[in-house]
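Undergrad: Top line first, the protein sequences correspond to chains F and V.
Using my numbering, the letters of the first sequence correspond one by one to residues 1 to 210.
Using my numbering, the letters of the second sequence correspond one by one to residues 211 to 466.
Keep in mind that a hint or two might mislead.
[What the hints assert, rightly or not] Dumping the calculated DSS-like pairs for lysine-lysine here, alpha-carbon to alpha-carbon at most 25 Å:
1) V:Lys-329 to V:Lys-304
2) V:Lys-251 to F:Lys-17
3) F:Lys-203 to V:Lys-329
4) F:Lys-204 to V:Lys-251
5) V:Lys-223 to V:Lys-270
6) F:Lys-33 to F:Lys-57
7) V:Lys-375 to F:Lys-122
8) F:Lys-57 to V:Lys-329
9) F:Lys-122 to V:Lys-329
10) V:Lys-251 to V:Lys-268
11) F:Lys-203 to V:Lys-251
12) V:Lys-229 to V:Lys-342
13) F:Lys-132 to V:Lys-251
14) F:Lys-132 to F:Lys-122
15) F:Lys-132 to V:Lys-449
16) F:Lys-203 to F:Lys-57
17) F:Lys-17 to V:Lys-375
No lab work stands behind these hints, which were simulated from the structure alone.
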Amino acid sequence: MIAIVDYGMGNLRSVEKAFHNVGHHAFITNRPKDIAGAERVVLPGVGAFAAAVENLKASGMSKAVTEAVKAGKPFLGICLGFQLLFSESMEFGLTEGLGLVPGRVTGFFAPGDRTPETDALKIPHMGWNELKICSPAPLLEGFPRGGMVYFVHSFYAVPGNSAVIATTTRHGIEFCSSIWKDNMFGVQFHPEKSGALGLALLKKFGDWKV
Amino acid sequence: MLAKRIIPCFDVKEGRVVKGTKFVNLKDAGDPVELAALYDKEGADEIIFLDITASHEKRKTIIDVASRTAEQVFIPFTVGGGISTVEDFRQILKVGADKCSINTSAVQTPNLIREAADKFGSQCVVVAIDAKHNDSRPGNWEVYIHGGRTATGLDVLKWAEEVEKLGAGEILLTSMDADGTKAGYDIPLTRAVADSVGIPVIASGGAGTLEHLYDGLTAGGAEAALIASMVHYKIHSIKEIKDYLGARGIAVRPVL
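So here's chain F without its partners, still in its complex pose (with noise of 0.2 Å):
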């Protein structure tokens, strides 16, 4: 059984949809107790860090989702819910994260990344963009070639530990779209919204043997 974490961030049916389509049960939940009794666990969401943080906090959500890590479920984190795996982040004022993955998100682009190719990019990056794939990652067996998946978001994730980069996506600069680490998978972009290669993608998640 999949829990979907609901801490108010966003509108959570399409990755419950996607994830029915694929054939694997999953469940949206603002219960700390079912994410204790869960299978596996996805944080997705959309919206502000420090918000989701304080919402995550003020639910039970945070330490739920943290012991649910550590006791080594499969754990999928999706855009947002991606960034809060971080120590931190520069949105909006420094901002602590989950702090499962030692690292920073921050804005596109920091001045010292500004070159007239990123001027010219238009922030949010949204839309259908590459991976290019740095690590043998178990749910990205397969993926091919120049396939591109969705994304919509304004600030990244720079891990602090470059071995965890499971795939990287070009937007001015080269950014980790994806990381993989023991029994943590995040992903920045949105697999619920990216076609077959992201249906693909929680079809694995859903099967992932850790």
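Got chain F sorted already, so can you dock chain V onto it with the hints?
TA: Then chain V, alone, in the frame of chain F:
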């Protein structure tokens, strides 16, 4: 690098797809959900539903369409037509749509753009602009509302800049002069709007050939091309479109 997007658009009336009035009497062209799922499989990058249901009480059918679409379509989709309040946004996004497109209501209540962007994020807010060449002021275009029936006196470029400032995430730009002609997008209009704003412009109206799509995405400066009759009448498949654009050096999401 972001791919340029190919976006099929459906006119939906009382929950069914209808084909344009310029064409023969094919009033009912099928279930929007089935067609959207088919185009998803064929490689469309997004889907847009435009609700043209006239009567207010039957408008809830579009919510049902959006909800059923979210069961079967796993690419972003937009619903437009008749959305005039933040509550309308909420209902449509809640059942699984990714974006709402507003047109008349944005002109009548510009603050709706800001409110919706604040509540749901700019990425959810598409402002559709129907533009017509202004005969009395050559080189200028005027904004029309009410499905192209009412002139507003607004200058298209000024309005485009205004909607961006208010928080719109994208502009769906339809040339009323080019629409239905199959003679190509209005390139000067598209380029002028794309150069005036920093948000993506979706070119609409007039595409009849693959080359027209190429022109809209290059000379026109659009990030996405809206297509209707070209795919609805099976003149070209989405794969043919993508293969053609890809071969001409445009970054498109490959159809696998």
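Undergrad: If a hint holds in the structure, say so; if it does not, say that too.
TA: Hints, one by one, checked against the model:
1. Under the criterion of a C-alpha separation no larger than 25 Å, the hint pairing V:Lys-329 with V:Lys-304 is consistent with the structure, at around 13 Å.
2. Straight-line distance between C-alpha atoms of V:Lys-251 and F:Lys-17 comes to about 17 Å, which keeps the hinted pair within the 25 Å bound.
3. Of the supplied pair hints, the one linking F:Lys-203 and V:Lys-329 is violated, its CA atoms being roughly 32 Å apart against a limit of 25 Å.
4. Between F:Lys-204 and V:Lys-251 the CA atoms are separated by roughly 20 Å; this keeps the pair inside 25 Å, and the hint holds.
5. For the hint pairing V:Lys-223 with V:Lys-270, the CA-to-CA distance comes to about 11 Å; that is within 25 Å, so the pair holds.
6. Between F:Lys-33 and F:Lys-57 the alpha-carbon distance is near 14 Å, which keeps this suggested pair within the 25 Å criterion.
7. With a C-alpha separation of about 14 Å, the suggested pair V:Lys-375 and F:Lys-122 falls inside the 25 Å cut-off, and the hint holds.
8. Between F:Lys-57 and V:Lys-329, the direct Cα distance comes to roughly 22 Å. Compliance with the 25 Å bound is thereby established for this hinted pair.
9. A distance of roughly 21 Å separates the Cα atoms of F:Lys-122 and V:Lys-329; the hinted pair therefore holds under the 25 Å criterion.
10. Proposed proximity of V:Lys-251 and V:Lys-268 is contradicted: the alpha carbons are some 30 Å apart, above 25 Å.
11. Simply put, F:Lys-203 and V:Lys-251 have alpha-carbon atoms about 17 Å apart, close enough for the 25 Å limit, and the pair holds.
12. Our distance criterion of 25 Å between C-alpha atoms is met by V:Lys-229 and V:Lys-342, whose separation comes to about 23 Å.
13. Distance restraint check for F:Lys-132 and V:Lys-251: the Cα-Cα separation of roughly 23 Å lies within the 25 Å cut-off, and the hinted pair is therefore satisfied.
14. With a C-alpha separation of about 21 Å, the suggested pairing of F:Lys-132 with F:Lys-122 holds against the 25 Å cut-off.
15. At roughly 23 Å between alpha-carbon atoms, F:Lys-132 and V:Lys-449 fall within 25 Å of each other, so this suggested pair holds.
16. At most 25 Å may separate the alpha-carbon atoms for a hinted pair to count; F:Lys-203 and F:Lys-57 exceed this at roughly 29 Å.
17. For the suggested pair F:Lys-17 and V:Lys-375, the alpha carbons sit about 34 Å apart, so the restraint of at most 25 Å is broken.
Hint compliance for this structure: hints 3, 10, 16 and 17 are not met, and every other hint is.
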